[in-house]
Amino acid sequence: MSTLQIDKSIDARGMACPGPLMNLIGAIRQGQVGQVFEVLSSDEGSKTDIPAWVTKAKHELLEVREDAGYAHFIVRKAR
Amino acid sequence: MSNDVLILGGGVGGTIVANLVAKEVGDRARVTLVDATGTHVYQPGFLYVAVGQQHASAIQRAESALLRDGVKLIIDTATFVDTKARKVVLKSGHTLRYDELLFATGSRTVMGEVPGGLAAHDFYTLEGAERLWRTLKDFTGGTIVIGVAGIPYKCPPAPVEFAFLLDDYLRARGIRDKSEIKLLSPLNRAFTIEATSKLVQPILAERGIELTGFFNVESVDPSAKTVTSLEGETFEYDLLVLVPPHRGQKVIERSGLGDERGWVPVDKNTLQHLNFPDVWAIGDTTNIPISKSGSVAHYEATVAAAEILAAVKGEAPPAHVYDGKVMCFLETGKGHATTIRFDYDHPPVSPTPSRLWHWAKVLFNKTYWHTVPQGRLP
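As given, the protein sequences belong to chains X and S, one line each in that order. Under the working numbering, the letters of the first sequence match residues 159 to 237, in that order. Under the working numbering, the letters of the second sequence match residues 48 to 425, in that order.
Covered by chain X, per the in silico footprint, the following chain S stretches (three or more residues, Cβ under 8 Å): (1) 226-236; (2) 273-283.
For the chain S half of the interface with chain X, some residues (derived, Cβ under 8 Å), not all of them: (3) Ile198; (4) Thr239; (5) Pro336.
Below, a list of computed lysine-lysine pairs in the BS3-like style, where the Cα atoms sit at most 27 Å apart: (6) X/Lys214 to S/Lys229; (7) X/Lys214 to S/Lys272; (8) S/Lys119 to S/Lys131; (9) X/Lys216 to S/Lys229; (10) S/Lys381 to S/Lys408.
Hints listed in this document are in silico derivations from the structure and should not be mistaken for laboratory results. Think of the CB as a built atom: it goes at the ideal place given N, C-alpha and C, for glycine as much as any other residue.
Please model the complete structure; the sequences and the hints are all you need to start from.
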């Protein structure tokens, strides 16, 4: 289990690419600097798309954790 | 006759459902369709209007001419749905009752949500497409930037198609060498669908259309003529064309029947509202994570019509459900096009662009009025 304090969790499991990333972008757009967002995604494409976007947008990828058939991506809005 | 089937929205989806239900229902129900304008608009035509290939009059007809005799058309706007009383309040003050209700109300564009966005052009409404064409006619060269200000939006490949048709247009005018076309995509590829993006990206490069990925439009500065992304990049423009943010209709938000953007939550196979079994939604109106396009509304309409008919007759729901089928065309310029086909279980496939698919699109656009709204194409 992660010990990080999550401000908003987005369950995008079952959504095809690019749904999980777009939901994260939408949440970060609405969110405050410093808030922590979690995305649950079962889409393989998320493993490359989400870290690539977080790097480009200069936010922080705090954790990527594999679970049964999906992954958790934990991101802090940095600016 | 005690049963009332009420359809909100006279676009492609609502018109097909109204016609299919009216054809089969006999005297078991009244079928009523409420549409805000009474004019049926073929939205895929906006792209051609924007580059001067089609006139606005060619892509609209009176909705009454497309409906079977058994459908009552009311030109009005739904303002509130009372699901307990099964009543819909209209802007005129009239109230309609229903036993089965279908939302086929499409989406609305809200460019005002983007700071400075109202200075941008768009081709997502007929007025926007006509205004863009008037500006383009007088364009003498410079930087044209095409961006996306919100996902989901209608017809995911449309910005790519617009870039190709714009390239054709500027070449025909002899001003392509004085112009730059920059396509800014919210994703790290040309548009949502990966396989088709891989197919079109080399063609974009070949035409000199510069693609920048991960550019989610955040704001526009009309005096500096710049557009800035959520990711922190800024581009200068002489002409800015944006895909506006989309939302569901206000009646959905006001009636508490949708999510925070006004999309109606439905079962992705039966298209039935997750909380109200006598309410269905199709097309752009739903929250299903699938393309918002006329093609989806078309395929969903046959399923929703069968579901509503079964409910009217008191029969078990039909076995045939919506399988996520999408089929659309993508213009790649120079008289070529490809197609994109997929469903929930099969990833998208696109053939190599050819003249054949371009002519298939032209044929479909021309024959649309006599086939699709009537439910003649499955």
